[in-house]
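As a plain string of letters, each chain reads:
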Amino acid sequence: MTAAAWVCLFLPLGSAGLITVLGTTITRRTAAWIATLACAGSFAAAVVSFVAMWGRARENRADLSTAWTWLEAGNFRVGLSILTDPLSVFMMLVVAGVGSLIVAYSIGYMDGDDEERRYFAYMSLFVFSMLMLVQGGNLLLLLVGWGLVGLSSYLLIGFWHDRPSAVAAAKKAFVMNAFGDATMALAFFVLIQKTGTLDYGLAFQKAHGLSSLTLNLIALGLLGGAVAKSAQLPLQTWLPDAMEGPTPVSALIHAATMVTAGVYLIVRTHALFELAPRIEDLAAGLGAATLLLAGLVALVQTDIKRVIAYSTMSQIGYMFLGAGLGAYANAMFHLMTHAFFKALLFMGAGIVIHALAGEQDIRKMGGLRRLMPNTWWAMLVGGLALSGIPPLSGFFSKDSILAGALDRGWYGDVLFAVGMAGAFLTGLYTFRMLFVVFGGEQSAYVQEHPPHAHGDRVAQWSMYLTVGALTVLAAAGGWLQFADLWTPVTDWLEPVARPLVEATGTQETIASAAAVALGVAGIAVAWWIYGARRATAPRPSRVLEHKFYFDELYNGLFYWPAVGLSRLLSWVVEGPLVGGSIAAVSELARWTGGRVRELQTGLVRAYALALAAGVAVLVLVFVAVR
Amino acid sequence: MLGPDVAGYLIIAAFLFATGALGVLIRRSPLIVLLSLEIMLNGANLALIAFSRHFGRGDGQIFALAVMAVAASEVVVGLGLIVAMARRRLDLDVDKLSTLRG
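So the sequences go chain by chain: Z and Y. Residue 0 is where the first sequence starts when you use numbering that gives the first Met the number 0, and the numbers rise one by one after that. Residue 0 is where the second sequence starts when you use numbering that gives the first Met the number 0, and the numbers rise one by one after that.
By construction, these hints were calculated from the structure, which means they are not laboratory data. Small disclaimer: the values here were computed from a predicted structure and weren't measured. A portion of the hints provided could be inaccurate.
[To be verified] Cβ pair distances, simulated, as ranges:
(1) Y:28 <-> Z:583: 56 to 62 Å
(2) Z:593 <-> Y:17: 35 to 41 Å
(3) Z:578 <-> Y:28: 50 to 56 Å
[Unchecked claim] Below, a sample of chain Z positions facing chain Y; criterion: calculated Cβ distance under 7 Å:
(4) 366
(5) 505
(6) 613
The beta-carbon is built from N, C-alpha and C at its ideal position, and this holds for glycine as well.
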């Protein structure tokens with residue numbers, strides 16, 4: 000079990016190293032195959048560990064394997080270790096499974112790009128980093144993975160480095176994530192100071208004796224990291240811009256895996272969060288706020304990828320809501336189904352974008368249903384799953400989170416109401432996008448640029464097959480768990496994270512019925528306006544178009560003051576003080592040099608006289624001293 | 000121990016050295032300057048040998064021999080320079096050779 004987990008972790012790193020070292024001696028396609036096979040091998044290893052773990056007794060499923068002591072400072076010691084337990088195996092399966100499908104899809108999507116090899120090296124690096132994050136056996140290794148996924152996300156968002164907007168988006172993502180990394184590191188510092196360890200078990204155990212202020216600080220720091228990585232309020236603005244990266248990157252990093260790391264963090268460190276219930280409530284509240292806000296903004300986006308990006312933020316809001324309420328298994332289950340259908344939607348969008356020669360504006364699309372029937376069906380399945388329509392996967396996972404909210408007093412009821420509003424919005428924005436892109440008449444742009452296949456046969460099939468596989472997963476992935484009749488996911492994760500809330504059958508029924516009704520209502524409204532065009536679409540409100548003015552707010556709060564301060568300092572300090580002092584030093588050196596220069600007369604006799612005089616003085620001194 | 004006292008030799012050595020130094024300082028022809036330099040060196044040699052004899056040790060004499068060898072090489076270089084200057088029809092005047100002025 001443990002050996003397979005190590006293999007799972009290091010195969011993608013090996014692939015990244017191999018592609019880098021081989022460089023141009025291999026073809027681009029070979030690099031793509033190396034990355035794909037490494038990720039597939041990683042997935043196979045994850046399956047092996049899963050099967051091995053399945054065979055063990057329930058209380059005996061966690062295994063900490065330490066390769067060597069990695070850091071040592073006094074009593075503080077951190078090992079390079081991986082933890083193989085039900086939660087990490089669950090994440091390994093999702094990351095390596097969806098990861099290998101998306102890397103395989105990239106064979107086709109990135110076909111013909113000049114820097115394909117670099118792309119696949121980065122993708123492998125990302126899969127390694129994400130596995131490091133979920134498999135790390137202590138909080139420090141989790142932070143290592145956390146930083147590495149941030150790095151690979153930065154590299155991949157800015158993959159097309161000749162586009163200034165991509166470079167800016169990459170920097171934005173990095174800076175906002177660095178903020179979260181910093182709060183997380185601070186939380187770890189507090190934890191080290193108070194408990195002296197970063198091992199999961201030991202730290203959680205010792206945390207019980209800490210003061211509530213300390214615990215709140217630690218949980219708040221962890222929540223800061225989770226919020227930044229998962230693009231939740233108030234650190235959400237980087238995710239839509241991250242859509243500048245290639246579409247498979249959006250599917251893998253900014254939908255299926257990395258952005259859900261925050262949910263994983265909360266579930267992994269739930270013992271700390273449970274000791275700070277206020278912060279846990281805050282996490283749920285932030286999730287609810289994000290799911291509502293992101294759902295509203297998604298209504299007015301015109302870039303197909305940004306619609307899906309806002310939808311991702313909104314769905315992660317559901318996961319935060321669930322994790323914050325203590326419905327850990329439901330949050331993780333939604334994480335998995337979301338990985339399936341959101342990756343599917345992104346990859347379907349990628350096929351559309353490719354077919355239309357890189358166009359991403361949905362206003363220029365239309366009537367693609369007849370031209371691309373298979374893509375339409377795949378995206379329809381993804382959209383229905385996202386909207387939570389039975390029997391597709393989103394129905395099972397989203398509704399159980401909302402049902403959990405009903406089991407948590409008045410606060411839970413508020414969150415439930417917000418989640419219901421979100422369910423309506425989800426149906427509306429998803430099907431607005433689908434109807435605008437696929438429904439209606441063919442737009443002028445589509446007629447001018449008839450969809451064409453991209454790349455050779457291998458490239459096309461790599462895209463069709465992976466999208467097909469994800470369509471099946473998005474449709475059937477939810478059957479793993481059905482409320483309280485059939486709960487393998489909850490049972491599987493129970494040894495790691497025992498849920499705090501347990502919805503009754505009635506609550507499940509209410510939540511499901513209401514959510515499905517609202518989802519269908521959203522779809523119906525979308526059909527009325529955008530599908531059948533019975534009503535004209537309302538003019539998008541300015542607040543939504545400006546995404547609730549978050550970018551403007553942060554510009555005003557942080558960017559412009561920083562720029563102003565820099566200009567002031569440049570004017571007051573840089574010019575006169577720094578520049579002036581350097582000029583003064585050089586002037587002094589020149590002046591001294593000029594004076595000393597005059598000694599160099601070029602007259603040999605003057606030098607001889609100076610020598611003689613010097614000797615005479617020396618002789619006099621010697622005589623006088625004696 | 001035969002001959003005059005070491006002080007007499009030293010007086011002559013000092014006189015030779017002073018003569019040479021004066022020549023270096025006041026004469027402008029490089030040839031004479033070189034010549035005066037030799038006189039200075041010989042003054043120093045005389046002092047070395049006088050002390051060598053005074054203390055009954057041989058190292059002063061060996062040192063004097065080494066100085067002579069160096070002086071001979073120095074004269075070769077110096078005279079070579081002076082010949083080269085004469086060939087280029089430069090003034091043989093050290094005060095006019097001040098191109099290295101800073």
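Outcome of the hint check:
Evaluation of the 56 to 62 Å hint for residue 28 (chain Y) and residue 583 (chain Z) yields a failure: the beta carbon distance comes to about 48 Å. Between residue 593 (chain Z) and residue 17 (chain Y) the Cβ separation comes to about 37 Å, which falls inside the hinted range of 35 to 41 Å. Checked against the given bound of 50 to 56 Å, the beta carbons of residue 578 (chain Z) and residue 28 (chain Y), roughly 55 Å apart, stay inside it. Given hint, residue 366 (chain Z) at the interface with chain Y, is violated; its Cβ is 86 Å from that chain's nearest Cβ, farther than 7 Å.
Interface restraint check for residue 505 (chain Z): the shortest CB-CB distance to chain Y comes to about 101 Å, outside 7 Å, so the restraint is violated. Interface restraint check for residue 613 (chain Z): the shortest CB-CB distance to chain Y comes to about 12 Å, outside 7 Å, so the restraint is violated.
In summary, the structure is inconsistent with hints 1, 4, 5 and 6 from the numbered list given earlier, while agreeing with the others.
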